[in-house]
Amino acid sequence: MVEREIQVVNPTGLHTRPGHKFIAEAKKHSCDIFVQKGDKKFSAKSLLKLMKIGISQGDLIKIICNGEGENAALENMCEFVANLKD
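Take the position in the sequence shown, starting the count at 1, then add 17; the result is the number in our numbering.
To be clear, the hints were calculated from the coordinates, so they are not data collected in a lab. Careful, some of the hints might be misleading.
Said to hold, decoys possible - Straight-line distance between alpha carbons at most 35 Å, and here's what the computed DSBU-like set of lysine-lysine pairs gives:
id, residue 1, residue 2
1, Lys69, Lys102
2, Lys57, Lys44
3, Lys58, Lys38
4, Lys54, Lys102
5, Lys44, Lys58
6, Lys45, Lys62
7, Lys58, Lys69
8, Lys62, Lys79
9, Lys44, Lys69
10, Lys66, Lys54
11, Lys44, Lys62
12, Lys69, Lys54
13, Lys66, Lys102
14, Lys79, Lys44
15, Lys102, Lys45
16, Lys66, Lys79
17, Lys66, Lys45
Unchecked claim - Label-pair ranges, simulated between beta-carbon atoms:
id, residue 1, residue 2, range
18, Pro28, Gly84, 16 to 22 Å
19, Leu64, Glu96, 17 to 23 Å
20, Asp76, Val19, 17 to 23 Å
21, His32, Cys95, 17 to 23 Å
22, Asn88, His32, 27 to 33 Å
Where a beta carbon is used, it is the ideal one built from N, C-alpha and C, also for glycine.
Using the sequences provided together with the hints, build the complete structure.
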């Protein structure tokens with residue numbers, strides 16, 4: 018299991034459109050990917066849960082990857098969040 022904390026820089030956070038892109042990116046990986054905000058942790062492959070937690074610009078989130086290809090998945094997902102433009 019690998020994890021990293023990253024700050025969301027996209028001005029609109031991870032609302033529906035960028036959230037959908039985030040989930041599509043996560044689904045490219047076979048390992049389990051989770052997002053944690055505060056004490057709430059959920060699958061990064063579920064749009065409903067992503068919308069429910071409400072991730073805004075400036076929020077710190079932790080991306081957690083576990084399984085085959087976890088290191089590559091973590092790098093990819095962190096790079097995706099860092100470069101996300103609405």
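- Task: Verify the proposed pairing of Lys54 with Lys102, using a straight-line Cα cut of 35 Å.
- Result: With a Cα-Cα distance of about 20 Å, the restraint between Lys54 and Lys102 holds, given a limit of 35 Å.
- Message: Check whether the Cα positions of Lys44 and Lys62 lie no farther apart than 35 Å.
- Response: Holds, at about 6 Å.
- Task: Below or equal to 35 Å on CA atoms is what counts here, so check Lys69 against Lys102.
- Result: holds, 21 Å
- Task: Below or equal to 35 Å on CA atoms is what counts here, so check Lys45 against Lys62.
- Result: Since the Cα atoms of Lys45 and Lys62 sit roughly 10 Å apart, the hinted pair holds (cutoff 35 Å).
- Message: Does Lys45 sit within 35 Å of Lys102, going by the straight-line distance between their CA atoms?
- Response: Between Lys102 and Lys45 the Cα gap is close to 19 Å, so the pair holds against 35 Å.
- Query: Can the suggested window of 17 to 23 Å be confirmed for the beta-carbon pair His32 and Cys95?
  - Reply: holds, 20 Å
- Query: Hey, Lys66 versus Lys54, does the alpha-carbon distance stay inside 35 Å?
  - Reply: Within the cut-off at roughly 12 Å; holds.
- Taking only the CA atoms, is the gap from Lys79 to Lys44 under or equal to 35 Å? Satisfied, since the Cα-Cα distance of roughly 17 Å is no more than 35 Å.
- Distance restraint evaluation - Leu64, Glu96, Cβ atoms, bounds 17 to 23 Å: This hint holds: roughly 21 Å between Cβ atoms.
- Message: Lys66 and Lys102 were given as a pair; does the straight-line alpha-carbon distance stay at or below 35 Å?
- Response: holds, 21 Å
- Would you check the hint for Lys69 and Lys54, treating anything up to 35 Å between C-alpha atoms as holding? holds, 11 Å
- Item | Distance restraint between Lys44 and Lys58, which requires alpha-carbon spacing of 35 Å or less | holds, 17 Å
Hint check: a violation occurs at hint 18 only; the rest are consistent with the structure.
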